[in-house]
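K.L.:
Fit chain S to the given chain X structure using the hints.
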Amino acid sequence: MSALTVTGLVKSHGRTPVLTGVDLHVPSGTTTALLGPSGCGKTTLLRIVAGFDDPDAGTVELGGRVVAGAGRGVPARSRGIGFVPQEGGLFPHLSVAGNVAFGLPRRLRRDRTRVAGLLALVGLDAALADRVPHQLSGGQQQRVALARALAPEPSLVLLDEPFSSLDAALREDTRRAVADALRATGATAVLVTHDQAEALSTADQVAVVRGGRLAQLADPRTLYSRPADLEVAAFVGEAVVLDGEAAGGRVTSELGELSLGRPCADGPVRVLLRPEQLRLSGGPGTRARVRGVDFYGHDARIELELPSGLRVSARTEGGDLPSEGAEVTVVVAGPAVPFPAAAPTVPPVATAPARPGVPTAT
Amino acid sequence: MTVLLAAAVAALALLPLVHIAVAVAEVGWSGVAELVFRPRVAELLGNTVRLVGGTVAVTAVLGVGTAWLVERSTVPGRRVWHVLLVAPLALPAFVSSSAWISLLPGLDTYGGALLVVSLAYAPFVYLPVVAAFRGLDPALEETARGLGLSAWAVFRRVQLPQLRVAVLGGTLLVALHVLAEFGALAMLRYPTLTTAVYDQYRATFNGPAATMLAGVLVLLCLVLLLAEVRLRGTRGYARTGAGAARRVVPVRLGALTGPALLVLATVVGLSLLVPLGALVSWFLTGTSARVDWAVLAGTTGTTLALAGAAAAVTTVLALPTGWLAVRRRGPLATLLERTTYLGSAVPAIVVALALVAVGIRVLPGLYQTVPVLLAAYAVLFLPRAIVTVRAAVEQSPPVHDDVAASLGVSAPARLWRVTLPLLAPGIGAGAALVFLAVVTELTATLLLAPTGTETLATAFWSASSALEYGAAAPYAAVMVLLSAPATVLLSRDVRRGLTT
Numbered sequence: 001m002s003a004l005t006v007t008g009l010v011k012s013h014g015r016t017p018v019l020t021g022v023d024l025h026v027p028s029g030t031t032t033a034l035l036g037p038s039g040c041g042k043t044t045l046l047r048i049v050a051g052f053d054d055p056d057a058g059t060v061e062l063g064g065r066v067v068a069g070a071g072r073g074v075p076a077r078s079r080g081i082g083f084v085p086q087e088g089g090l091f092p093h094l095s096v097a098g099n100v101a102f103g104l105p106r107r108l109r110r111d112r113t114r115v116a117g118l119l120a121l122v123g124l125d126a127a128l129a130d131r132v133p134h135q136l137s138g139g140q141q142q143r144v145a146l147a148r149a150l151a152p153e154p155s156l157v158l159l160d161e162p163f164s165s166l167d168a169a170l171r172e173d174t175r176r177a178v179a180d181a182l183r184a185t186g187a188t189a190v191l192v193t194h195d196q197a198e199a200l201s202t203a204d205q206v207a208v209v210r211g212g213r214l215a216q217l218a219d220p221r222t223l224y225s226r227p228a229d230l231e232v233a234a235f236v237g238e239a240v241v242l243d244g245e246a247a248g249g250r251v252t253s254e255l256g257e258l259s260l261g262r263p264c265a266d267g268p269v270r271v272l273l274r275p276e277q278l279r280l281s282g283g284p285g286t287r288a289r290v291r292g293v294d295f296y297g298h299d300a301r302i303e304l305e306l307p308s309g310l311r312v313s314a315r316t317e318g319g320d321l322p323s324e325g326a327e328v329t330v331v332v333a334g335p336a337v338p339f340p341a342a343a344p345t346v347p348p349v350a351t352a353p354a355r356p357g358v359p360t361a362t
Numbered sequence: 363m364t365v366l367l368a369a370a371v372a373a374l375a376l377l378p379l380v381h382i383a384v385a386v387a388e389v390g391w392s393g394v395a396e397l398v399f400r401p402r403v404a405e406l407l408g409n410t411v412r413l414v415g416g417t418v419a420v421t422a423v424l425g426v427g428t429a430w431l432v433e434r435s436t437v438p439g440r441r442v443w444h445v446l447l448v449a450p451l452a453l454p455a456f457v458s459s460s461a462w463i464s465l466l467p468g469l470d471t472y473g474g475a476l477l478v479v480s481l482a483y484a485p486f487v488y489l490p491v492v493a494a495f496r497g498l499d500p501a502l503e504e505t506a507r508g509l510g511l512s513a514w515a516v517f518r519r520v521q522l523p524q525l526r527v528a529v530l531g532g533t534l535l536v537a538l539h540v541l542a543e544f545g546a547l548a549m550l551r552y553p554t555l556t557t558a559v560y561d562q563y564r565a566t567f568n569g570p571a572a573t574m575l576a577g578v579l580v581l582l583c584l585v586l587l588l589a590e591v592r593l594r595g596t597r598g599y600a601r602t603g604a605g606a607a608r609r610v611v612p613v614r615l616g617a618l619t620g621p622a623l624l625v626l627a628t629v630v631g632l633s634l635l636v637p638l639g640a641l642v643s644w645f646l647t648g649t650s651a652r653v654d655w656a657v658l659a660g661t662t663g664t665t666l667a668l669a670g671a672a673a674a675v676t677t678v679l680a681l682p683t684g685w686l687a688v689r690r691r692g693p694l695a696t697l698l699e700r701t702t703y704l705g706s707a708v709p710a711i712v713v714a715l716a717l718v719a720v721g722i723r724v725l726p727g728l729y730q731t732v733p734v735l736l737a738a739y740a741v742l743f744l745p746r747a748i749v750t751v752r753a754a755v756e757q758s759p760p761v762h763d764d765v766a767a768s769l770g771v772s773a774p775a776r777l778w779r780v781t782l783p784l785l786a787p788g789i790g791a792g793a794a795l796v797f798l799a800v801v802t803e804l805t806a807t808l809l810l811a812p813t814g815t816e817t818l819a820t821a822f823w824s825a826s827s828a829l830e831y832g833a834a835a836p837y838a839a840v841m842v843l844l845s846a847p848a849t850v851l852l853s854r855d856v857r858r859g860l861t862t
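Note that the protein sequences, when read in sequence, are chains X and S.
The first sequence: position 241 = 241 (the numbering used here), numbered continuously.
Counting from 1 along the second sequence, just add 362 to a position and that's the residue number in the numbering used here.
Worth flagging that the hints you see were computed from the coordinates, not collected in a lab.
Mixed in with the good hints, there may be bad ones.
[As the list claims (entries may be wrong)] To give an idea of the chain S side of the interface with chain X (calculated C-beta under 10 Å), a few residues:
(1) Gln757
(2) Ala767
(3) Leu784
[Stated by the list, open to error] Beta-carbon label-pair distances, calculated as ranges:
(4) S:Gly670 with X:Thr20: 56 to 64 Å
(5) X:Gln135 with S:Thr471: 42 to 50 Å
(6) X:Thr20 with S:Val380: 47 to 55 Å
(7) S:Leu586 with X:Ser12: 55 to 63 Å
(8) S:Gly727 with X:Gln135: 55 to 63 Å
(9) S:Arg592 with X:Glu153: 54 to 62 Å
(10) S:Pro500 with X:Thr20: 46 to 54 Å
(11) S:Gly790 with X:Gly73: 46 to 54 Å
(12) X:Gly309 with S:Pro612: 52 to 60 Å
(13) X:Leu170 with S:Pro500: 22 to 30 Å
(14) X:Pro75 with S:Ala373: 29 to 37 Å
For every residue, glycine included, the Cβ atom is placed at its ideal position computed from N, Cα and C.
Extracted from the complex, chain X is given alone in its bound form:
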């Protein structure tokens, strides 16, 4: 296993710049998610690392060896990088065993125990070895594709939106199986995704790609609680953004006086809260009117209208829910994260999440 270092990577398709200077370091044995909206350049970055495309400028270093850029171009087949494409990309003319053993030296390809071991690694039954790809479910195909990529013991594994074609239930299982397999082999992995829940739950660190460059590189908790700017904040989860006045390490806002998660200069600021920090209480607090309730079972999202007309979201446990139109009081738990008041604005109320219980980008 080796570390991956990408420095100053630039790439254009024709006249359209796709990557405009990406720096990224993936420590050996960890998983990094490249998170970004479609068209942000994350797949291009992956293809350059894999060796399917050449960068216009910048270098790719794998285990201390330059494999792309600086006048060098190690071909894809000599890089020792495992690649799991979208929807698996299994060879339709080969059985599962034939697929898994594809990258092994000829004498090892007939080794059934090796194939069975690789299938077990990704949580699949060895009985599947003689099936052909179209007899497998989407999730099974993804796991076989991962087993195929892991078989030659690559120094790095790249996964291109591996779960995007799976439905919600299958996605969770497959995601966990893939994460377990990566951890078990100690593989260094880069995972491309546009689903922030997937990125936060699977990866050791998340690289948010925006407009052809890295907006932030951090571990999932830091990314969620201390985003670099409000745009990243809104991308990795639902955001409640309030205007306020900072003074002496506290900020006065429409939801009362809040503590600050990090120091900032006195004066006007915008602060970020997450919906789960907003608690409904019968006691003292800011008055708000309930404008909508989305009930998900394990929790619920409540849309609140503050006295100023601003709409914000609160996320509460699914027990005792207020009805629409009711008046409630809101208190804030935990600190708010301050940003400069001139920061680019985001819509204060997020759209309804695509999936129950999972915060979604605005």
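P.N.:
For chain S alone, coordinates are given in the frame of chain X:
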């Protein structure tokens, strides 16, 4: 490299057109005027256009009507009818026309030609329309019925507009085939431009008169092709996804079941039973019906060998073009691909004429040799191979190559372990289509086969031209037997491109 190969293939396909253009330039304007603006040419042109127009109209009605009955009504035995309606494809048109004329010698009129040719070519419309019906989103029809439309109104206002492309595509195919048809019409003694080119060639051998007639014929083809190109642009009416998920509830025919069955029985009877019945009766009653097994086996062997060689050559020639059309999309690839389609739109008689001329002028040693014959087959049937190779390349996305590369496999090994296995079924299907087309090819074979080389088609042709129907019957029977499997396949998989 691939581009150069594809360009060479396109040049081969353009040979007939170049030949005519060169001939026109040599004869000069006054010569062209003298040879073309004649009452005889006008008459032939009139005959041809009338027959093309009539056949298009009849096949459109037959094709759409029978397809609707089979796909959308409660007529009993729909699967059986489907196979029976496709089956005439296994009968070469010149065989069924011989059968008809042997039964009814009075069929040598416009009406007779219209009847025989329409029945033979109706499957060309029927198949794409069936495919289109299957591709239609049932929800649209259900919505229309929900809005209170009658079955007829649903057909006219919802289905027919969506079938437009399939019907036009199918009838264009019919029109191109009628323009190129030689055997059936010569047998029925209905003179068209194509039969006239053949007569002229037999009379004066490679004279400018034959070439100028061929020029008029090619002009008609080009007009049709232009229409085809315009059509291609608007394709995409029918749902082309994984196909309709549900079967539509068919329209109840009720009291009309009897008449519907009668219509289907008449179509199948006339297009299938009459010709096959005639073949059987030739065999049983013909005075010349003594099968010389050795000769039949020899002729069959020759035919199979020629067809096999043609299939191999044509498929190899199709590979670069089919590959480029998918992997290097762009104006150049499209141009090269379309150019090869020109060859098959040009009637076989014109291709043969051009190769005769080239053979005599440029490579005298090659005239009436197997390589020239194979070249003619390649020009005529390239599109079938290209369409299937192309479809195969489309089904093997580059991601497989990427994955194999990332697993450390070298480029030659990738070709061997990934690309070829993925393309093999498509290449095989293309080769089979070419093979079957060659088995029943008559016109080019008549003109270009080495002296003494008889194929099933030419042996049938010379026997039935001499009215020795009994002797002709076994050859027809072998051709039908060889074509039948492909026809069954076509009836099963109606989505496969119909480039026959």
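K.L.:
For every hint, state whether the structure bears it out.
P.N.:
Comparing the hints with the structure gives:
1. Gln757: Check passed: Cβ of Gln757 (chain S) comes within 8 Å of chain X, closer than 10 Å.
2. Ala767: holds (4 Å)
3. Leu784: holds (6 Å)
4. S:Gly670 with X:Thr20: 56 to 64 Å: holds (57 Å)
5. X:Gln135 with S:Thr471: 42 to 50 Å: violated (59 Å)
6. X:Thr20 with S:Val380: 47 to 55 Å: holds (51 Å)
7. S:Leu586 with X:Ser12: 55 to 63 Å: Between Leu586 (chain S) and Ser12 (chain X), where Cβ atoms are some 44 Å apart, the hint is violated.
8. S:Gly727 with X:Gln135: 55 to 63 Å: holds (56 Å)
9. S:Arg592 with X:Glu153: 54 to 62 Å: holds (56 Å)
10. S:Pro500 with X:Thr20: 46 to 54 Å: holds (48 Å)
11. S:Gly790 with X:Gly73: 46 to 54 Å: With Cβ atoms ~37 Å apart, the hint is violated.
12. X:Gly309 with S:Pro612: 52 to 60 Å: For Pro612 (chain S) against Gly309 (chain X), whose Cβ atoms are near 58 Å apart, the range 52 to 60 Å holds.
13. X:Leu170 with S:Pro500: 22 to 30 Å: holds (28 Å)
14. X:Pro75 with S:Ala373: 29 to 37 Å: holds (35 Å)
Hints 5, 7, 11 from the list above are not met by this structure, while the remaining hints are.
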